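Q: The residues making up each chain are set out below.
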Amino acid sequence: MDAVTYPDAKVIRFITENMIPLRIAFDAQPLSTDFNIKWTPALVTLDPDGKEHHRTVGFLAPEELIPSLLLGMGKSYFETDRFDEALGSLEKLLGEYPESDSAPEAIYLRGVCQYKSTHDPKPLKEAYDQLKAAHPSSEWTKRAYPYRLL
Amino acid sequence: MAENIKWGTDMDAALALARAENKPVLLDFFNPG
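Line by line, the protein sequences are chains A and B.
Residue numbers for the first sequence follow the numbering used here, beginning at 39 and rising by one.
Residue numbers for the second sequence follow the numbering used here, beginning at 43 and rising by one.
Calculated from the structure, these hints are not laboratory results.
Since this is a predicted model, take the numbers as computed values, not measurements.
C-beta: ideal position from N, C-alpha, C; glycine also.
There may be inaccurate statements among the hints.
Capping the alpha-carbon separation at 25 Å, the derived lysine to any residue pairs in SDA-like fashion look like this [said to hold, decoys possible]:
no. : chain 1 : residue 1 : chain 2 : residue 2
1   : B       : 48        : A       : 45
2   : B       : 48        : A       : 136
3   : B       : 65        : A       : 170
4   : B       : 48        : A       : 170
5   : B       : 48        : A       : 160
6   : A       : 130       : B       : 74
7   : A       : 89        : B       : 45
8   : B       : 65        : A       : 160
9   : A       : 130       : B       : 75
10  : B       : 48        : A       : 56
11  : A       : 48        : B       : 72
12  : B       : 65        : A       : 136
13  : B       : 65        : A       : 68
14  : A       : 170       : A       : 135
15  : B       : 65        : A       : 52
16  : B       : 48        : A       : 137
17  : A       : 76        : B       : 75
18  : A       : 76        : B       : 54
19  : A       : 76        : A       : 48
20  : B       : 65        : A       : 74
21  : A       : 76        : B       : 53
22  : A       : 89        : B       : 54
23  : A       : 48        : A       : 95
24  : A       : 48        : B       : 63
25  : B       : 65        : A       : 97
One-sided excerpt, in silico: chain A residues whose CB lies under 7 Å from chain B [as the list claims (entries may be wrong)]:
no. : residue
26  : 62
27  : 75
28  : 85
Going by beta-carbon spacing under 10 Å, a handful of chain A positions derived as facing chain B [to be verified]:
no. : residue
29  : 50
30  : 57
31  : 59
32  : 65
33  : 77
34  : 78
35  : 136
Just chain A, with the same shape it has in the complex (with noise of 0.2 Å):
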């Protein structure tokens, strides 16, 4: 992370700008046993009360750092019932990273969003058919799959 991904212009852009970057030795006591890790890179989103929304273990390469924090801050605003912010970070995702490993599950938290937002069942069945088109073999299209009867 420290010799590609980090040094990247466009992921330094991205961390200053979106989020609060904390750096901890991965044998820091007492952090290292709160958050059980075991391996390296480990990364976590964090909402500003401290609570995990988002881990990530191993290297991730710009073009998948910066989706993958994307999808990291929309769980964190979903999960806090914050919809509308976690659907600016869902969107901004599946906008500019539509290839990107983070997009399947990025559709489909975001059909979730929108049926929490609305109690309209149709952005879930709407889910179900963009995962299954663009994403057929996704573990994110079998978790849809009931949408499809919606």
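On the provided structure of chain A, position chain B as indicated by the hints.
A: For chain B alone, kept in the frame of chain A given last:
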């Protein structure tokens, strides 16, 4: 624009800044080697 990422090293300070700026925290557990 910053030339590198300005990592904090203190959890309490990072959370206070996150609350003040209404942003999530990116916590990177790394191996200093």
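Q: Next pair to validate is residue 76(A) with residue 53(B); report whether the Cα-Cα distance is within 25 Å.
A: 19 Å, holds
Q: Verify the interface restraint on residue 57(A): the C-beta must sit less than 10 Å from at least one C-beta of chain B.
A: Holds, because the Cβ-Cβ distance from residue 57(A) to chain B comes to roughly 4 Å (cut-off 10 Å).
Q: Do the alpha carbons of residue 89(A) and residue 54(B) lie within 25 Å of each other, as the hint requires?
A: 13 Å, holds
Q: For the pair we were handed, residue 170(A) and residue 135(A), check the Cα-Cα distance against 25 Å.
A: Answer holds: residue 170(A) to residue 135(A) is near 18 Å, not above 25 Å.
Q: May I ask you to test the interface hint for residue 78(A) with respect to chain B, counting a Cβ-Cβ separation under 10 Å as satisfied?
A: 5 Å, holds
Q: Starting from residue 130(A), check that the Cα of residue 75(B) is at most 25 Å away, please.
A: Given that 25 Å is the threshold and the Cα spacing comes to 35 Å, the pair is violated.
Q: If you draw a straight line from the CA of residue 48(B) to the CA of residue 45(A), is it 25 Å or shorter?
A: Distance of about 11 Å is within 25 Å: holds.
Q: At a threshold of 7 Å, is the proposed contact between residue 85(A) and chain B supported by beta-carbon distances?
A: 6 Å, holds
Q: Please work out if residue 65(B) and residue 136(A) have their alpha carbons no farther apart than 25 Å.
A: 24 Å, holds
Q: For the pair supplied as a hint, residue 65(B) and residue 74(A), confirm whether the alpha-carbon distance does not exceed 25 Å.
A: 24 Å, holds
Q: Verify the proposed pairing of residue 48(A) with residue 95(A), using a straight-line Cα cut of 25 Å.
A: Answer holds: residue 48(A) to residue 95(A) is near 21 Å, not above 25 Å.
Q: When you check the alpha-carbon spacing of residue 65(B) and residue 160(A), does it fall within 25 Å?
A: Since the Cα atoms of residue 65(B) and residue 160(A) sit roughly 31 Å apart, the hinted pair is violated (cutoff 25 Å).
Hints 2, 3, 4, 5, 6, 7, 8, 9, 16, 19 and 35, counting from the list given before, are not met by this structure.
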